[in-house]
Amino acid sequence: MKEKKNVFKFAKYVLIYILLILFMMPFYLMVINSFKTTQQFVNNPFSLPKLEKVGFGNYISAFNKMNFLNAIRNSTIITLISVLLILLTASMAAYFLVRHKWKINKIIFATLIASMIVPFQAIMIPLVSIYGRLNLMNSKWILIFMYMGFGQGFAIFIFHGFIKNIPLEMEESALIDGCSKIQSFFQIVFPLLKPVLVTVLILDVLWIWNDYLLPSLVLLSPIERTLPLSTYSFFTTYSVDYAPLMAGIVLTIIPVLIVYLFSQKYIIEGVVQGAIK
Amino acid sequence: MNSKSKLLNNIGNFVIFIGPSLIAFSCVLLIPLIYGVYLTFTNYSPIKLTYEFVGFSNFQAVFTDKEFWQQFVKTLGYVFYSTIFCNVIAFLLAYLLTSNIKARGFLRAGFFTPNLIGGIVLGYIWKFIFANVFTKVGDALGYQPLMTSFLTHPDRAIIAMIIVTVWQYAGYLMIIYIAGFVGIPQEVQEASEIDGATGFKKLCSITIPLMVPSFIICFFIVISRGFMTYDLNLALTNGQPYGSTRLAAMHIYQKAFQANEYGIGQAEAIIFFATVAIVAVSQVLLTKKFEVEA
Amino acid sequence: MKRRLFAMFLMLTVVTMLITACSGTTTGTSTSGTGGDAVGSTGSNTDKKAVKITYFNTSAEVNTMFENMFKRYNEIYPDVTIELIPTGIGEGQQEKLQSLYASGNAPTFMNVDPANVIEYEDHLLEFTEENAPWLSLAADGAVDGGTFGGKVLGAPWSVQGYGLLYNKRVVNEIFGEGNFDPKSINTRDALQAFLEKCEAAGVPGTMLHGANWSLGGHYLTLVYAVQGPKTSDGTGFIDKIKAGTVNIEDNPIFQGYMDTFDLLAKHNYNKADPLVGDFNKDIQAFGEGKCATFFMGDWAWTTMVTLENVDQEYGFIPVPWSNNPDDYGNTEVVMVLPKFQCINKSQSTPEQQQAALDALAWMLSEPEGQQFFIDAGFYMPYKNVRDDVVYNSMTTSISEYAQRGKTINLGCFSYISGDAWTETGNLMLKYLSGAINRDELAQGINNYWKSVK
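Chains as they are written, first to last, in our numbering: chain A, 169 to 445; chain B, -10 to 283; chain C, 88 to 540.
Among these hints, one or two may not hold up.
Examples of chain B residues toward chain C, derived with CB under 10 Å [unchecked claim]: (1) S34; (2) L38; (3) G185; (4) Y251.
Sample of chain B residues facing chain A (criterion: CB under 8 Å; computed from the structure) [as the list claims (entries may be wrong)]: (5) F3; (6) V17; (7) F74; (8) G172; (9) A269.
The set of hints was computed from the structure by calculation and includes no laboratory data. All of these numbers come straight from a predicted model, not from anything done at the bench. All C-beta atoms in this analysis are idealised placements derived from N, C-alpha and C, irrespective of residue type, glycine included.
Input sequences plus hints: build the corresponding full structure.
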């Protein structure tokens, strides 16, 4: 009996690690090839880099070409503020939609869900022509406002499902004690949403951090460029200069990777909290 | 409280709770969309200096665009398979990674890495892998089907897109499933174990029903993102071989911007959106009936 | 408790206000609006008003060249700032340009395909003798490619050529040093003999790049261009197909080029998997001598020059379509002006237009401006370009053909716009991979042109 369990366990580990290798393979390729030249990459993508030859050359040239410090400053401001705004407004909105089953709320909810499927192309030109005419382009604040709007559908959708799982009794006792709706929300419901908040935070950070099309339409001057926009110089009309691009992408990813690794901890804490509750 | 102040209170709460969301959402999505719909009834193009009302002629032209409908069907198939495989793998991963396993944090981070890379770059890397890595493996093993690139045959190119989509989203969905697993109240789990439910049975009667919100979300994500796939399409296949993998969104982009038929492209986008919206919204509303409130 | 509520509310209001208030107040932004303002960004003198203009570039491989050029220009003329709007991935260029126009931020001047010049003609400033006297320095015929409806809307700046590139070292090894004369390839039979000799020596004779722009934009256009030496011969032929009065399969030039295409496909280095279309890979293989020839143009040099351990000497041979050496096209290679500079008039102020004109004058006709292009390897069609430049072997080969008067006029290329390359190119790819036969290819091409307005 114990043997069977051990075999199972072993098989589980093997499966996981095989899958892991498959999943991380492209990422691994990207990192080792960021230390080679494009020519070496094309010849043999799996070969280990000869550090003396190229070394950090790609990284240095990527850093300079991308105007890295400026770009990362822009990306950070835009991503951070947009995500915080989305989390705040969407969680409140989702809460309201769950707790008040009014007709208008149902309509709003259905519209929000439907909005997630709007192909960006359908609103791209109308969007830029409206905001262009109002002279509201080329500003990171407008971009943040746009992300706040675009992020509502998905965030509300996720929060909605999880708020439904929170027992009504917990809030009712608070309301009887004289709390207003807002207090009840921030003191009881909000803390319980931690795992979901972190989840949406990560997903939205990734989306906004890596987004290319919307910033390229709204941010026009070089000084406003975000990180993805700054990698343009590695793409040419017919081909891609892979090696420095890889270096540029690795540089772009590192901040987000750090955010993810940190927030991992909070998801685990959420597990512990849930157990105590 | 009398009903008048209750109403005021409700309106006040409405404004505070949903106000900012609705404002941002309307200004950025709703209004441009309505304007976009209006434009499909004109012969507007970003290049022309003036435009006039043309009624339904753009929509009529859509119905004669054979390729649009062909690609629509292809997109349906792509979305269907991607959704199934993606969710199965993601669920499996989440299940494995919430059980007692060493290095859980490391593993979760590892499976999530595909998501750190944006759509375009991802596509280029995978394009390279299909054209060069797979073929080298095929040559080494002498396995004929692998010796030519997946991307040069129409059927296999779609399979390549499905593979990359599954790879890209499995880690993403895994996080949501993990949050779902974690959200199952401990008491419920313990209670079921006391009653004698183990392993598979527990999975079916307790875990899965309480995970329905996660399923709804994850299915919806893959379906909606799948229909809108453009970045990946562009970078991985660019519609090749010879335009056969030009999925719906890419077809619309090309119609609007490259064939300079902005009105027709816009009309196709509206029709496409309406169809997909009906499909996806019904999926959500239907499956929401399975939701259980704790 | 009440304080907390109030604090939250305050924060929300403040944030919302911040967002709306901070919008549209960034400095030095768009140049939109008719009769708008000239925004200053560098320390302005009191007498001359500072101007900022924007430049949209579709030649993505030389974004850096333009950046450096504009930086230098700003050093010489501190009150003019030129901001480059680079584009990256090829497909996104049309969208970007259209969205710039839609939002009222059209670039002041731009470097685009001639097809775009036609598309945007209502928005473009006409170059006249008064405002652009330096255009008279352009080589004969160079300005024609940018002239539409009798108006010069695009200024030329580079000349490129394409045909069958051959690797001199490889060919010398096969034929013996000094034995190969490119002029000997003047009929399809001669080409066939050449290719077969390469195969016999164990080297694939040629390579086709499996991309729709190469086969549809470049190869197929030969069929239209060779109809006659005048641009109107090519465009007239296309018009007849559009009208349905002519079917392309009835045209002997089409059949001839397709026979040659079959021949090339037979000796294609990429034969095993012809549609891969990886530019880096193909250039590298060609540079390493893995095949004798490559259907490509001299822009390949800009990629070749970045590689190590590749051959440096190349030349061009024609792509013959018949067995009569006197037929137009059998002894010529293509010379084309692929891009033009044009200035926007619909969304810019007169000051901005003048600044753009001055900038172009400097870039295209002043030695210092021209030097940037020359350093990047471009061949400029202007009579005052310094004559001591050593161009790369590919470009030198093209100019040798030009000096002998042996070039194919690809003027009709300017009129092939929209998705013609993509669609007809896709048909060529299908034909190359064997998915359709020649009749179906011809039908597809006929149908495409008939569906275009």
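When the structure is checked against the list of hints, which entries are broken? Sort them ascending.
3 and 7
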